[in-house]
Amino acid sequence: MAATTALLPVRSENRLLNALSIVPGVLLLAGIGYAAKVLERSVNGYAKAHHWTFPNIEYVLWAILIGLVISNTLSIPKIFQSGIATYEFWLKLGIVLLGARFVLADVLKLGGISLALVVIEITLSLLLMTFLGRLFKLKPKLISLLAIGSAVCGVSAIIAAKGAIDADDEDSSFAIAAILALGALALFTFPAIAHSLRMNDVSYGLWAGLGVDNTAEATAAGALYSDAAGKVAVLAKTARNAMIGFVVLAYAIYWAGQGQAQTVTNKAAFLWKKFPKFILGFLLISLLVSFHMFSKGQVTSLGNLSKWAFLLTFAGVGLRTNFRDMSKQGLRPFIVGALGEILIACLTLGLVVGANRIWGL
Amino acid sequence: MSTDKPTATASNKSASLSLDTWAVIAALVLALAVRFDILKNVSW
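If you read the sequences in order, they're chains D and E. Note that the first sequence covers residues 43 to 403 in the numbering used here. Note that the second sequence covers residues 249 to 292 in the numbering used here.
Note that these hints are calculated values from the structure, not bench results. Be a bit skeptical, because a hint or two may be false.
To be verified - Okay, derived cross-link-like pairs now, DSS-like style, lysine-lysine, Cα gap no bigger than 30 Å in a straight line:
hint, chain 1, residue 1, chain 2, residue 2
1, E, LYS288, D, LYS319
2, D, LYS181, D, LYS316
3, D, LYS179, D, LYS338
4, D, LYS338, D, LYS151
5, D, LYS181, D, LYS370
6, D, LYS79, D, LYS120
7, E, LYS288, D, LYS79
8, D, LYS349, D, LYS315
9, E, LYS288, D, LYS349
10, D, LYS315, D, LYS181
11, D, LYS151, D, LYS316
12, D, LYS338, E, LYS288
Just need the whole structure built from these sequences, with the hints factored in.
Structure (structure tokens):
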């Protein structure tokens with residue numbers, strides 16, 4: 043009893059220290075985000091006042107660019123690291139709050155279309171990445187990780203699958219590096235291609251949500267095009283994330299059958315454990331808004347809070363993208379990933395164009 | 249002694265909540281704050 047009570051203050055002290063350790067990094071994210079907003083306003087205002095023809099660079103791009111410049115030119119002190127890692131938390135908080143900007147009817151309509159496209163996208167992506175991985179003679183479990191990462195939802199899918207299929211650390215870091223590097227490239231290529239094709243917001247949002255692997259990059263790629271496209275990209279990406287448990291379970295069963303992973307005894311518990319719970323939060327907020335639990339002004343406030351959370355995420359996306367670290371991970375997984383991503387981008391673009399013809403997005 | 253156990257288990261459970269769950273809790277707290285006008289007119 044005495045030992046237990048003596049431990050309690052130590053534990054709470056540790057918790058307090060842990061909480062305080064994120065403060066510098068979070069302040070850095072907020073500082074970069076705020077600077078991005080200021081730059082958007084001042085650069086665009088200056089260009090307009092001087093009648094310059096200057097592209098309208100949005101805060102999303104400024105936040106990512108500032109983060110990229112810092113992470114690739116300076117070595118970020120350790121004191122900032124744990125706070126920078128919270129960008130995942132801000133991302134999920136932003137997504138849950140974004141539920142306020144969708145009434146349930148939108149979620150059901152767009153989410154239904156997204157889910158149908160997601161099932162096709164996942165099936166074709168898994169087959170394609172497996173084929174490419176075998177063609178380039180990658181290790182079987184690395185092929186599985188790359189396939190899961192590019193078909194479902196990037197880094198979180200790879201981390202979820204790593205434990206389930208008993209993959210080694212080296213394979214997972216190869217797969218994560220490839221997915222992150224390609225996600226960073228998608229940030230710049232997706233909006234450029236969409237502008238040249240003059241895609242509408244809904245079509246582009248669907249494409250970004252289906253084609254860009256990591257949730258943070260998909261959200262940013264959508265927001266880089268327009269606010270409305272960002273909303274749809276998050277919804278499509280969320281529909282994709284919802285499939286994570288099923289895909290990882292299928293791979294876990296496959297590798298257990300090969301005698302190279304533990305057998306899954308309780309499949310329902312496995313699915314629940316892997317299911318991204320923030321999706322439920324997103325649906326709950328959307329449900330509350332649909333039942334008029336919030337006034338119009340309050341819905342706007344929730345939408346703006348979501349934007350602030352995303353702002354910190356975008357700064358984090360730039361800060362954690364280090365091209366030097368990525369280049370150390372080897373070329374073959376990257377080539378397989380890149381080839382796969384290009385083909386998946388074409389495939390998902392085709393799917394979206396087809397859906398546009400059928401449902402008139 | 250038996251009274252200590254549930255406290256320890258509860259605190260371990262709360263410490264092991266996933267990032268997703270924390271995000272949902274934080275979002276619901278913010279939504280409540282907005283609903284009851286503790287947070288008003290959040291601008292962008």
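Cross-check of the supplied hints:
Using a Cα cut-off of 30 Å, the hinted pair LYS288(E) and LYS319(D) holds, with the two alpha carbons roughly 28 Å apart. Proximity of LYS181(D) to LYS316(D) is assessed by CA-CA distance (about 25 Å); at most 30 Å being required, the pair is judged to hold. For a cut-off of 30 Å, the pair hint linking LYS179(D) to LYS338(D) is broken: about 56 Å separates their Cα positions. Restraint check for LYS338(D) and LYS151(D): satisfied, since their Cα atoms lie roughly 22 Å apart, inside the 30 Å limit.
This hinted pair checks out: LYS181(D) and LYS370(D) have alpha carbons roughly 18 Å apart, not beyond 30 Å. For a cut-off of 30 Å, the pair hint linking LYS79(D) to LYS120(D) stands: about 26 Å separates their Cα positions. About 21 Å separates the Cα atoms of LYS288(E) and LYS79(D), which keeps this hinted pair within 30 Å; it holds. Of the pairs offered as hints, the one joining LYS349(D) and LYS315(D) holds, with about 28 Å between alpha carbons and a cut-off of 30 Å not exceeded.
For the proposed pair LYS288(E) and LYS349(D), the alpha carbon gap of about 16 Å is at most 30 Å, so the pair holds. Straight-line distance between C-alpha atoms of LYS315(D) and LYS181(D) comes to about 27 Å, which keeps the hinted pair within the 30 Å bound. A C-alpha spacing of about 25 Å is found between LYS151(D) and LYS316(D), which places the hinted pair at or below 30 Å, so the restraint holds. Distance hint between LYS338(D) and LYS288(E) is fulfilled; the C-alpha atoms sit about 12 Å from each other, no more than 30 Å.
Hint violations for this structure: number 3 only, all remaining hints satisfied.
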